[in-house]
Amino acid sequence: MKNFRFKFDWVVLPAIGLALVLAIWSASSETWAGKLPSPGQTWDKSKLYITEPFAHRGVQDQGIVRFTLYSLILVAKGYALALLLGVPLGFCLGLSDFFTRTFDPIFQILRPVSPLAWLPLGLVLFHKNEPAAIFTIAICAMWPTVLNTAVGVRSIPQDYLNVARVLSLSRTRTLFSVLLPAALPYMFTGFRLSLGIAWLVIVAAEMLTGIPGVGNFLYQEYNSGIFEHILLCIITIGIVGFAMDRIMSIVENNLKRVFA
Amino acid sequence: MPLLELSKVCKGFGYNGSRVEVLKDINLEIEQGEFVAIVGYSGAGKSTLISMIAGLLAPDSGSLRLEGKPITRPGPDRGVVFQNYSLLPWKSVFGNIYLAVDQVFPDWTKANKTEHAERYIEMVNLTPARNKRPNELSGGMRQRVALARALAVEPRILLMDEPLGALDALTRATLQDEIERIWRRDQKTVVMITNDVDEGILLADRIVPLSHGPRATLGPSVEVNLPRPRDRKAMNHDPRFQKIRAEVIHYLLGSNPRIRRKTAPIPAFDVPLGLVREAV
Ligand SMILES: Nc1ncnc2c1ncn2[C@@H]1O[C@H](COP(=O)(O)OP(=O)(O)OP(=O)(O)O)[C@@H](O)[C@H]1O
Ligand SMILES: [Mg+2]
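For the record, the sequence lines run as chains A and B. FYI, this note's numbering numbers position 136 of the first sequence as 136, with every residue one higher than the one before it. In this note's numbering, each number is its position in the second sequence, counted from 1, plus 260.
The shape of chain B in the complex, shown without the other chains:
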């Protein structure tokens, strides 16, 4: 049985005239321990999808199941890293993480909970910033706190919504390495939303493209069968890497009506222009 199973999930917003069908017939199965990257256009409905898995939104039709049980509400079995971090600004780094730990492990002693929170702060290399508030942190550090908070509740599955989207390239690379390290350490099941195909290939076991909206749906999965740990630089010259990348991009571009009609290609994710032409 897959750990997470989505079947024929549809979701739209609004009523009557202003109704928009955002997601249509989403089918997805994720196995225990798998790292899946969902890649798609901005506004296609990636956050909507992750909110439904998190239990924050209910689908209009279709079913979402975690370990066979329908998802009806959020729960500590799913750790969520939000697109905009969503840290509580009046709490310190420690406070933000402790809040989560305190709620999920109410029976532990205070010392235990503190130690647990500290461990996750250390895991994301934030021990020196332990007592700082979010507005005193850089974007990359905030992202680390959000990651630590999501991991500290020891979820069955980690959901990340464009976790590195707002970061500069260098910080992004460092955090990618950290995510990879943490994932390899405890083989957590991960669903990561990203708009960067290369990021998906670097980290994931499998890439699932989300077509252009409205009525976005998931395309055929592309397995990333590159050995780990993957080296960003070496990867670029690997023909397998280029094949995977071309496959994903081909699907994404093919799903975009504007590009299909060969008018103004405006890909919303970073793809080198050469590749866009090649794929079209």
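So that you can see chain A by itself, here it is in the shape it has in the complex:
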């Protein structure tokens, strides 16, 4: 009975949802959205890209997984930079009221700026596509890490700080043995949100710069009028984003268990 309930909740219901969306999609492409390829057409035109995921037939014509890997590598670089900048900034915000008063207003103003606005600045600053894209990803994605790290540091229980003081831990040891682990669960929430943003930004960055990857492929195929591939890319981007979020959330939950 319990097993049935599980299947119903986790298999049957999501399947119904998927079927409904496919039905609306088909109906739309047959009625009001004439140019929208149907699910069947999308599959026919995309098969090759999925069944030969690593193919390299030309710069603009590669397997979908290969394109995704290009995007992931670029995201990884931008994301790493975001964490490298975000964690120390968050620690400074969390530890020092002085720092917070000085820089928080500026952070609040920079935070809502769109990646589309940062990218040209990146190109001006770094002259080349890839550094500009990495800069854009980092500066857009770091904010959740900055803010959550700050919250995490501020909410470290006084008890732990007392332990550090009573044992006369040195500054570095306090940082690495007490502050960092105590704030880590919060920081991870930030890391997870940051990764989501980084993945959002990559598509825009690739479109504007022409760096090869799923985002760029999507835009290329729009220009060539192969609309099926737009849908292929959207689905791929969604699945990859979802998978990354799940992985992060599993790591996060395990961390929280250890730190409870």
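Note that these hints are calculated values from the structure, not bench results. Some hints here could point you the wrong way.
Unchecked claim - Derived SDA-like pairs: lysine to any residue, alpha-carbon spacing no greater than 20 Å straight-line: (1) 351(B) - 185(A); (2) 329(B) - 168(A); (3) 128(A) - 211(A).
Given chain A, put chain B with the ligands in place with the hints provided.
Okay, now just chain B with the ligands, sitting in the frame of chain A:
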């Protein structure tokens, strides 16, 4: 010269209108090797007092001296067992203790430090739980880790803030025996906060009652001149025990304005009702 000397220590919290004077004119002298129990009401300022001795809080006025030197900050010469254990949840039993050892004895080899930490884990009978994390331990076991951590830095004086307050009666009794055993083994100077007069009498050389707050202060010490080892059951029938207990309780009840005015006696520590009436 006493090992620890507090003189006219006052401490309050807050400003202006919301200011509360918690401790007032605390005087206390503790000799090397003495086991002193401070007994008092909940909220009287017991943790505040121990935090000042630990160097975590500065007094508003008065002086605290350890071996004649003013206490200005925490140091490894004082081992602290916190009221809520305060173990680091991401470290194992061994990790929690090793952190302390590693900091205090930086010149030792790794093998030496490990062996030292292991010795203290064994002293509190936790060797089988060596690799467990605090959230996998029972309350009594956590308390043991906290005790081992405080002892492992080999402090001159051990400060314990209601170390057994959160434990059930049976676990409490076992740990009392362990504390007694460890204390007798290396005659460490101990200041133990407790809300249980009997616990104080069982373990301490001297009981110092802390009056009801605000402006709590220490009452006259009551020497516990019962021979050791003390037997919980036999002690209950010993008239000397009853006299000590009555003296402490009498002071504590006398310091409580609510009981003095003979309205609703609400003693915050466990005292059998019979004794409360007797003392009033
Ligand atoms: N940091 C602080 N800021 C303001 N008030 C405080 C602070 N620390 C303690 N107090 C107040 O001082 C009083 C004494 O607190 P303390 O924790 O020392 O009591 P206690 O005797 O240890 O109580 P318990 O037996 O419940 O542990 C309380 O009224 C408390 O509200
Ligand atoms: Mg307390």
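Going through the hints against the structure:
| no. | hint | result |
| --- | --- | --- |
| 1 | 351(B) - 185(A) | holds, 15 Å |
| 2 | 329(B) - 168(A) | holds, 18 Å |
| 3 | 128(A) - 211(A) | holds, 11 Å |
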